[in-house]
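Colleague: Chain A is fixed; fit chain B onto it per the hints.
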Amino acid sequence: MRIAITSQGNSLESILDQRFGHCKYFVIVDMQTGAIEIIPNPYSEAEEQAGTLAVKLLSSKNVNKIISGEFGIKVKPLLDSLNIQMIMYKKPNIPIGKVIEMLNHNN
Amino acid sequence: MNISSLFLYRTIAHNMARLKIPRKITNPPIVKGFKPYGPDIDSKKRESIILNFEEYEAFRMCDYDMYNHYQASALMNVSRPTFTRIYASARMKISKAFVEGRQIEFEGGKVYFDSDWYQCNSCGCHFNNPEISISIQNCPLCGSSEVERHTEESLGDMPRNSEDDLCICPECGFTKEHHYGVPCRNEKCPTCNSPLIRKYH
Chain A
1 MRIAITSQGN
11 SLESILDQRF
21 GHCKYFVIVD
31 MQTGAIEIIP
41 NPYSEAEEQA
51 GTLAVKLLSS
61 KNVNKIISGE
71 FGIKVKPLLD
81 SLNIQMIMYK
91 KPNIPIGKVI
101 EMLNHNN
Chain B
1 MNISSLFLYR
11 TIAHNMARLK
21 IPRKITNPPI
31 VKGFKPYGPD
41 IDSKKRESII
51 LNFEEYEAFR
61 MCDYDMYNHY
71 QASALMNVSR
81 PTFTRIYASA
91 RMKISKAFVE
101 GRQIEFEGGK
111 VYFDSDWYQC
121 NSCGCHFNNP
131 EISISIQNCP
141 LCGSSEVERH
151 TEESLGDMPR
161 NSEDDLCICP
171 ECGFTKEHHY
181 GVPCRNEKCP
191 TCNSPLIRKY
201 H
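Top line first, the protein sequences correspond to chains A and B.
Residue 27 in our numbering sits at position 27 of the first sequence, and the numbers go up by one each step.
Residue 83 in our numbering sits at position 83 of the second sequence, and the numbers go up by one each step.
If we strip away everything but chain A, and leave its shape as in the complex, we get:
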């Protein structure tokens, strides 16, 4: 199970980014091994198609779930067809480390 979290910065203290396509970084957590990979989002400054391009990037990383604040109207059907679960978490100023802690409570 690999979970992507949208982040505003490249550390675990960074805040969860409420946008999906235009977020600054993706934090990919592997739940089996506990490995954490932080990749910069190359489409954060893109004016168009940022969401769809980000979906392509994440699906190439074999992500099963994505945690973000909100997903766009083009991204939702795309993720639906790829069987990737969307989790919208709207509370402001949540650090990435806290989100990962919540995920670990799950197991």
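Treat each hint with caution, since some may be false.
To be verified - Calculated cross-link-like contacts (lysine to aspartate or glutamate; reagent style DMTMM-like; alpha-carbon spacing at most 25 Å):
hint	chain 1	residue 1	chain 2	residue 2
1	A	Lys90	B	Asp116
2	A	Lys90	B	Glu131
3	A	Lys56	B	Asp116
4	B	Lys199	A	Glu70
5	B	Lys188	A	Glu45
6	B	Lys188	B	Glu171
7	A	Lys90	B	Glu177
8	B	Lys176	A	Glu70
9	A	Lys76	B	Asp165
Stated by the list, open to error - To spell it out: a stretch of chain B is covered by chain A in this simulated footprint if at least three of its residues, at any positions, have a beta carbon under 8 Å from a beta carbon of chain A; those stretches are:
hint	region
10	119-127
11	140-147
Hints in this document: simulated from the structure, not taken from any laboratory.
Heads up, the beta-carbon is just placed ideally off N, CA and C, and yes, glycines get one too.
Modeller: Structure of chain B alone, referenced to chain A:
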């Protein structure tokens, strides 16, 4: 020559097909296909008929759920004439398979699956269920079992947090509050008259 015929002319002249709108599928088939049986059937020799998911869905809605074409087209998110074409194609394929004794396989089509949305009452997150066959028991984020399925009405008042966003002028830096539902590019900067862009909070 009116505008629509001009468009048609250009489409033909450029030899480019119109893009298909993705069809919404709510109930994918529970089996992968159908096989005929009988003494003279050697199904390996004959090519099977590929029935697209959208054709299956059209057939199901019209002949199983007894919707009319107009209602079914709205559910599938396509126009009524498009729906009728999909439905006609489905019936043609099914009758061909019946008469010629061929296999039917469900495959492909330009579709997306509409999944159900849930809300966790413990951590307040919203999530969908991509696997229709598995039912949701726990929140995927915090693991709490206090999950609730969204109905059509409750989806309407899901919180949006675009109130803090700004429309900004790329030329002179003029900013104004963004109004939800009004695209920033449709608004002009009062000083330099260039279209505004969105600045997220």
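Colleague: Under the criterion that the straight-line Cα-Cα distance not exceed 25 Å, is the pair Lys188/B, Glu45/A satisfied?
Modeller: holds, 22 Å
Colleague: Sort out whether Asp165/B lies within 25 Å of Lys76/A, counting only the CA atoms.
Modeller: holds, 22 Å
Colleague: Can you confirm whether the C-alpha distance between Lys90/A and Asp116/B stays at or below 25 Å?
Modeller: Holds, at about 19 Å.
Colleague: The region 140-147 of chain B covered by chain A? Criterion: 3 or more residues, Cβ-Cβ distance below 8 Å.
Modeller: Since 4 is at least three, the answer is holds.
Colleague: Hey, Lys56/A versus Asp116/B, does the alpha-carbon distance stay inside 25 Å?
Modeller: Holds. Lys56/A to Asp116/B sits at ~23 Å (cutoff 25 Å).
Colleague: Given the proposed pairing of Lys199/B with Glu70/A, does the C-alpha separation stay at or below 25 Å?
Modeller: holds, 16 Å
Colleague: Test coverage of the region 119-127 of chain B by chain A using CB-CB distances below 8 Å; three residues minimum.
Modeller: holds (count 5)
Colleague: Check the hint pairing Lys188/B with Glu171/B against an upper bound of 25 Å on the C-alpha distance.
Modeller: Roughly 11 Å between the alpha carbons, so the hint for Lys188/B and Glu171/B holds.
Colleague: Between Lys90/A and Glu177/B, does the CA-CA distance stay at or below 25 Å?
Modeller: Measuring from Cα to Cα gives roughly 21 Å; hence the hint holds.
Colleague: Measure nothing beyond the straight line between the CA atoms of Lys90/A and Glu131/B; if it is 25 Å or shorter, mark the hint as holding.
Modeller: The given pair, whose Cα atoms are some 23 Å apart, holds under the 25 Å limit.
Colleague: Keeping to a limit of 25 Å between CA atoms, is the pair of Lys176/B and Glu70/A held or broken?
Modeller: Holds, because 23 Å separates the two Cα atoms, which is no more than 25 Å.
Every hint from the earlier list agrees with this structure, and none is contradicted.
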